[in-house]
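**Q** Grab the two chains, each in its own frame, and use the hints to assemble them into the complex.
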Amino acid sequence: MPLEVTEKFPSNVEFQYIPINIDEVKEVNVLKCEIPTLLKLDKLFESLAGTNAPNVLIVAVPGAFTPTCTENHIPPFLTHLTDLKKDKKIGAVIIIATNDAFVINAWGKLLIKDALAAQPNFSAEESPKIIFASDVNGAFSKAYDLASDKGTGIRTSRYATVVNSSDRTVKYFGVEVERGVKFSGLDAILGAKL
Amino acid sequence: MTLGVGDKFPTSINPKYVPYTKENDKLTACANPIELNLAKEFAGKTVVVTAVPGAFTPTCTEQHIPDYLKNLQAFKDKGVSRIIVLSANDPFVLSAWGKALGYKEEENFIVFANDPLAKISSELGDKYTADLSSVGFGVRTARYAGIVVDGKITFLQNEDELGFTEISSSKNILDRI
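If you read the protein sequences in the order shown, they are chains A and B. Heads up: the first sequence is residues 8 to 201, going by the working numbering. Heads up: the second sequence is residues 257 to 433, going by the working numbering.
Derived by calculation from the structure, the hints in this document are not laboratory data. All of these numbers come straight from a predicted model, not from anything done at the bench. The reader is advised that the hints may include incorrect statements.
[Said to hold, decoys possible] So, partial list: chain B residues that the calculated Cβ filter (under 7 Å) puts toward chain A:
#1 313
#2 348
#3 349
#4 407
Glycine included, every Cβ here is placed at the ideal spot set by N, Cα and C.
Okay, chain B solo, but in the shape it has when bound (with noise of 0.2 Å):
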């Protein structure tokens, strides 16, 4: 089954993430994952929800999560309450990405967010996932992109290779809010 526009997005896992913090600014600097209430988060608002295959790998670091933290203030215009980047990688890896990329602010706008095993992603259908398990990535995110309105997916696509193009860029999410 894939879900799609007019679905609700699933809640009934809790994606978990470390919450940025000054005292946490450095990057090998630990604090523990809280659970991040997906069904409170999407409760009469606009979500951006994003995935991504890893952390710290080549083509999401150089442009995907980039693209999007150049554009915090589009977003924020366009009533989006929050913007969850999905991985498979645990929360202290996805902590420590957040940071090296720049993102320091305590208000969490932007939070980097385990999807265990993949399991969110593949509630939403099995392109939302991909195995990597044969070059010892496990199963992972796929790319992909979508909006949440009041927990209803009012968009959502995926990226064809898991690489980056237009789809899961911030201009066509912020021309589809």
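With the rest of the complex left out, here is chain A (with noise of 0.2 Å):
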């Protein structure tokens, strides 16, 4: 079954996930630690339902910390939040893996720490709320087979959805069928119909 444009998308989908305060993220330590929480997407769609930026995007990426994503793949949008949310109606970024929570939120913070540094005027309020979270076991994207285990742990597929929260239906997706980030980048979401 595969994710597509005009289906619905699913009830009960969870990640777990570490909260990440943006206004707190210029001073963060990433050795802090905290305690993962779930993630329940049907509250983050209740939440956004009905607003002016009801879309919800989804990016997946094979492992934190790893070249491609950390480099080319998830700084883009980090860098272009606003555009997101005034162009896109996305009212909130999950960037997901099947690292751990730790790991994720870790890695998220680095992130988000650079990102912000290049972007002196960045307003919280301009932007979709951010999210980095583990995909545990890669439950939810092996039930779209968009997760593989080729003999280092199950990972995921580099790939991008966007669900808009209203109609909970999914808007756009796209999957890397090789290496790079054609599909699934900050480009093809800035050029997609939603």
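**A** Right under this line is the structure:
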């Protein structure tokens, strides 16, 4: 079963995450350990449904701290948050990988910190909510054939999807079929008809 | 089977790590992992091997490895040629973690190396791994510490509950070298 545009996004999808407070990230200590909690997508959709930024962008990467996603894939999103909200009505960006919530949280805080350093006029109000979460055991991605185990533990494919909270339908889906970022990167999302 | 004092430390699987270099100083910088040839590392030398359940997780971030990092000179003074920190996290995550903990020396006296799916640790024995699949962490290395002299284990002990106690403390290891 693929994730397809116009299809309904499933209910009861859960990720594990440690919330990142964007106002504190500049002074953040990446070694500070907090306790992971559940991210219930249904709740997130409810909170964004009917708002002027109802879209939720989910971007999956094979691994935190790995070269492509650290250097090319995720940073462009983090330096164009305002565009994502203004032009694409995206109210939340969720970055997922099968790494555990501690690793993803540390990675997320570092990437956000770097991205904010490049944006002196950043305003959290004009930005979507940013969430770095663990797709635990690849449960969500696996259900859509978007995760596999090549002998080093389960990893997700590199993909991106946009879901409209108001009608819960998939508005965009793109998965990379070879190395690199074509269908799941910032340009693909900014160019998508949502 | 459980290995112990007098047994050879397994060398059939080489862990992978990303050596620290000045060019890759940033936490989010990425370099390619290389293999740590265990047989070579052990030959004629004293090596400390210690393992943690996960990078960036509370106990190990806050206590275990920082305790070792504070005492690197003491290990060197005792003739230790290298400290190998094993974990089932991939080499990229481990490299970032090592830098986050503050180890930034090109000597790479302490290396943060990936025990793939905790297979090296499982060769030591069941109690050296921890199946944390139910909480989404997969099979991890347990927390343990050992001393390997010329390829042979002269000390090896695990923590009962993955926590950090005097068992895997630097003092305990230093006292036994």
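**Q** Next step is simple, just say for each hint if it's right about the structure.
**A** So, going through the hints one by one against the coordinates:
| no. | hint | in the structure |
| --- | --- | --- |
| 1 | 313 | 5 Å, holds |
| 2 | 348 | 4 Å, holds |
| 3 | 349 | 5 Å, holds |
| 4 | 407 | 27 Å, violated |
Hint 4 alone, counting from the list given before, is not met by this structure.
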